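K.L.:
Now for the letters of each chain:
4 protein chains.
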Amino acid sequence: MSGSVLGDLFKISTWGESHGKGLGVVIDGCPAGLELNEEDIQSDLDRRKPGQSPFTTPRKEGDKVEILSGVFKAKTTGTPISLIIYNKNQRSKDYTKLKDVYRPGHSDYSYDLKYGFRDYRGSGRASGRETAARVAAGAVARKVLAELGVKIRAYTASIGPVKIDPENTKIETRLDNFLYMPDQKAAKKAEKYLTELMEDNNSSGGTIECRVENIPEGLGEPVFDKSDALLARAIMSIGAVKGVEIGSGFKAAEMTGHQHNDFYQYDEDQEISKLTNNAGGTLGGITDGSEIVLRAAVKATPSIEKTQSTVNKAGENIELNIHGRHDPVIVPRAVVVVEAMTALTLVDLLLKQMTTRLEYIKKVF
Amino acid sequence: MSGSVLGDLFKISTWGESHGKGLGVVIDGCPAGLELNEEDIQSDLDRRKPGQSPFTTPRKEGDKVEILSGVFKAKTTGTPISLIIYNKNQRSKDYTKLKDVYRPGHSDYSYDLKYGFRDYRGSGRASGRETAARVAAGAVARKVLAELGVKIRAYTASIGPVKIDPENTKIETRLDNFLYMPDQKAAKKAEKYLTELMEDNNSSGGTIECRVENIPEGLGEPVFDKSDALLARAIMSIGAVKGVEIGSGFKAAEMTGHQHNDFYQYDEDQEISKLTNNAGGTLGGITDGSEIVLRAAVKATPSIEKTQSTVNKAGENIELNIHGRHDPVIVPRAVVVVEAMTALTLVDLLLKQMTTRLEYIKKVF
Amino acid sequence: MSGSVLGDLFKISTWGESHGKGLGVVIDGCPAGLELNEEDIQSDLDRRKPGQSPFTTPRKEGDKVEILSGVFKAKTTGTPISLIIYNKNQRSKDYTKLKDVYRPGHSDYSYDLKYGFRDYRGSGRASGRETAARVAAGAVARKVLAELGVKIRAYTASIGPVKIDPENTKIETRLDNFLYMPDQKAAKKAEKYLTELMEDNNSSGGTIECRVENIPEGLGEPVFDKSDALLARAIMSIGAVKGVEIGSGFKAAEMTGHQHNDFYQYDEDQEISKLTNNAGGTLGGITDGSEIVLRAAVKATPSIEKTQSTVNKAGENIELNIHGRHDPVIVPRAVVVVEAMTALTLVDLLLKQMTTRLEYIKKVF
Amino acid sequence: MSGSVLGDLFKISTWGESHGKGLGVVIDGCPAGLELNEEDIQSDLDRRKPGQSPFTTPRKEGDKVEILSGVFKAKTTGTPISLIIYNKNQRSKDYTKLKDVYRPGHSDYSYDLKYGFRDYRGSGRASGRETAARVAAGAVARKVLAELGVKIRAYTASIGPVKIDPENTKIETRLDNFLYMPDQKAAKKAEKYLTELMEDNNSSGGTIECRVENIPEGLGEPVFDKSDALLARAIMSIGAVKGVEIGSGFKAAEMTGHQHNDFYQYDEDQEISKLTNNAGGTLGGITDGSEIVLRAAVKATPSIEKTQSTVNKAGENIELNIHGRHDPVIVPRAVVVVEAMTALTLVDLLLKQMTTRLEYIKKVF
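Protein chains in written order, with my numbering: chain A, 48 to 412; chain B, 48 to 412; chain C, 48 to 412; chain D, 48 to 412.
Accuracy of the hints is not assured; some may be wrong.
Repeated chains share a single entry, so a pair holds when one copy, or any two copies, can fit it.
As the list claims (entries may be wrong) - Below are the DSSO-like pairs computed for lysine-lysine, each with C-alpha atoms no more than 27 Å apart in a straight line:
| no. | residue 1 | residue 2 |
| --- | --- | --- |
| 1 | Lys235 | Lys353 |
| 2 | Lys409 | Lys120 |
| 3 | Lys298 | Lys210 |
| 4 | Lys146 | Lys96 |
| 5 | Lys144 | Lys96 |
| 6 | Lys360 | Lys120 |
| 7 | Lys298 | Lys236 |
Worth flagging that the hints you see were computed from the coordinates, not collected in a lab. If you're wondering where the values come from, they're calculated on a predicted model, not measured in any experiment.
Generate the whole structure from the sequences, applying the supplied hints.
P.N.:
Next up, the structure:
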């Protein structure tokens, strides 16, 4: 139980290091009868792939996914789906000089404390590259959800001090710039901000917002498996994320009950609707059919060329400049990872909801 | 799997409704040999108990815990520990008039969507009262951790717009006021703010901060079971929490890599230390021995007497004033719940860490 | 994770010692909408209860079950169901003289090896009394299955050398004698055999057979969660069981492929049927709708008054005669426990089957 | 949750079909610091491999295992170990003619009932070939156990009516004949028996016995996770196994308490020993340091050329002769699978035992 397994019913088991032979994931519990091919998965992986903009590492990673099992005649069979992405273009040599140095903001030191030693090549298992397996699994989860009309869309909501303006935001335009911001003006400003940071060999944090439309009602379980709790865990498990909020989030702390409560009313069709969505789509941890809205705070890329103070294993305080091919900002590439984690969480809750009512059982059997 | 089970090795299974016969928890996996008696648990429960200040509901709940199993001659035996708290002083009648109304900010509507019907007495399983079982289990977890010197302390960091000032904050004084704020000046202001809100039949949100000192190194597992991810899930599972952050949290989004990275240095004893703690005690999800710092945003009590618009099951839009005995702010009573959830998460990771190195196995066998 | 939790979706967490305050179980994941009251559970408990025949301990245990949560207006709500049975009529004093002695055939020694000490009162957690909680949970599982017409019936198939004869066996008559044998002639012989053994202060083993009719098709998961594998685990987890077999069982080892294979044919209604049922209702671990047939071998009660050689903690070899109130045979009281474990295993697989096809999901949502 | 995940702490997730691209397993939770290379695993796989005797299918399967992750500089890192075995020499065409036929003794029919359709090439996921992934994972588990001196040895105990004779049995000689019997005389007889069966186009069942020496004390958890219960599940999950017994097994049913109880005595070194081992190494489900002894009944290979009656999907009763390359007996190739399942079960319990005592925690931290 080294922490690489997620989900109870749609259970994924990921593996792989950034400079090993490859990485992959086994999905145990995908329902039978889903149409699935490699292109379905590849399109999500391509959004995570580096080398596509001035604001990601120029490192080229092919990231071609291969389905090894669990699909027969283009449909899932209900048995484990094994996905593999072979590593290409690794330069392990770059890292041997870092093997005795603890890079600030990386997990070099904490891994050594945990295991006594570590695979130091490109952060090994702690590399952001590990998220490729999440995205691959997430693409399958998303396909299951799409069968019910669920739509999951994340985007960059801020880069450093530059935030999207709700007035200028059109979610459909989020892929129209390198930073995946749905506000083109903000994107321009953010690009300028990043360019300056890069000249200073520095990097930037940012935030990601994710919206889920058309989610079935009733997802999430009372107490510990609330939909927002499991989403928070899933999103916070992405390496660089330092905070997660749902709906009103941290603003809720400054609001009164009367301000925060979403009032109900019957709409014209005599359907129940809410006047606001401070809850962010979940009440008591259970979805009510309104849009799920969540946000994640992402820290800046820790690998920077700018001089930092640190230590080596020889007992010395040293100055460190990390050369190499690093993203000046993680946020845009993490957007699809947030979508994947959201999809993986929701599909598991969807399957659980199948088992919560006797009347559902009688419908099926 | 209705979501009331938490933990892999220190596994708790909670049960109970606010207006049923009682509530409780079964702990499966507490190590044998721990000294434990009911007073150890009661003292934490007493901090959650209402009726102790002008800022909590005057409702009296005895909340006396009883140990039913798993302890022999004042020591845990390694077998399940069953804890029970019988309900007293319930007034179910208060709720029958609410059974056909969807209270804003409550889970009445989402429970009906999930299950088709609900136990409407005092929110049933969705009641904040459910957290008593968490606090009881958390007290046991905390005792295990205390054997290794771990200290978990949470406190109110803000009430509505009133925040504690780091300059005036002394963590030792956090229990010296009704609001559990470690800044006595801020506490005064917050009490005034609350008093005014209460006159308006309104309620307030706030934030809770939690600090863990002397945590063993190496806790947390790569990828999905990162210590911060599991903490986020645990904290977000508390009913009223809308956001969670670790270390720098949402501020990280505005910082550069050079600002955010915690630089290492050797201290006088040639021990590795960090100049800052933006990471909040965990890197790559694994504890490095520095203090864990996390924060939660808590929404305002949804039950307010101030008039709200909502709907009933008869298909009518109605005006609602919720009378009864409700907390004007949840935050102070939730402080010990945050501590409990933190303890439960960390003790599970502690037990997991026991199994991660071959050399540990050889030490024991 | 001390081993007292069973099931993934219909998850039970049991607790309690034979001479503690009581024992119980929390069921997390029972579907909402099931009619349930205490009588439903009590009737199964009464079959396990001692003191009802010359062949069980004359010890009286009231074994009254109480539902503490999860049921509202006589229906399950989908939230945890907590069941409690308070202990009555314990005589802990009987056991203090045994606290430094390792009783042969009991787990006194292995518990000390595991935990370093043990609750020695009446075997503590290792007591057969622990199965009362299983029976209580099993009664709920059985009620869910009964909604689909599933019928689970176990009975005594042999006591020592006395076996039921298929020619004389009528399953409906299984409760017509103290030994729960469906062959009344065999029952007579077995009673005689037991009476003689009791005079010699000795005890007997036996076998239990369990049949499940009308089980839905498709239950069981490939590879590790085969229905027969999970049934074997569930049945073998009953303290005194030393062997489990399905269908042809150990006889299969002596059969040829042509003898063992169950041939298919279309019956008059053009439904597929099998000419034999050597498989015992499960092929590849998946139910095919035919009757599930399994058998368990149960060892003799280890507590006997007849002189045994053993050791004490003082380092001495001693002679031991265990006085007290013990069953001369465990088998009849274990019959309902086998039914309970079967029901718990099957209901979990039933809930899992709900999630295995995309078309099922579309039926529900 | 399609049933291909096993273990709580040493968690394996297997995948693959007999005629897909390959099969494999991800191990999540192998302790860090174990020396591991591909040869360690290959030697176990080679024992399962067909084509090595007149009594296995002449089908050649290379079964070369490759380690894809989790090992760095020849040591396990504590992160997931991914193992892959690419399929070679598949002849899917052989199976297209069987796609509309339900083969007796196979899971064709039950898979169709479960999923609505199936991968019919060589039984797909239900193929015995699936066990290659178990053997690979088992080899790693076995290596962990070997670090503590644990020795797991299984062998063929009977083929059809031919049983090994304890008088002639030397466990060290078990690999000296094609059938893996530790009694060379019996092996000769069994070979003769099999040769005759093969001429009749038939197949045989048999039994496997497994012995575990030097097992640490205290493994196994009370109630549901008893060592014997988990072993029974693990062994019964092997496709062709119809029964499992521990120690005295089914003989226990005919024994008296005085016969069955293993009496304790102090040996010359004042160590506690047992005069017999009817318990089979586990009391109350917890190992006591004596040898674990278990037996499995294995049914005959269902694929036989001898004429059988069955049905096709077109609604017809047909005669079936299964041509192709099939083992006349599964038992010898299953011997290493039984060892693997035993190792996987015990290593998981070993890791759990690490967490059961407070004093162990204090030894490590």
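K.L.:
Identify every previously stated hint that the structure contradicts and give their numbers, smallest first.
P.N.:
none
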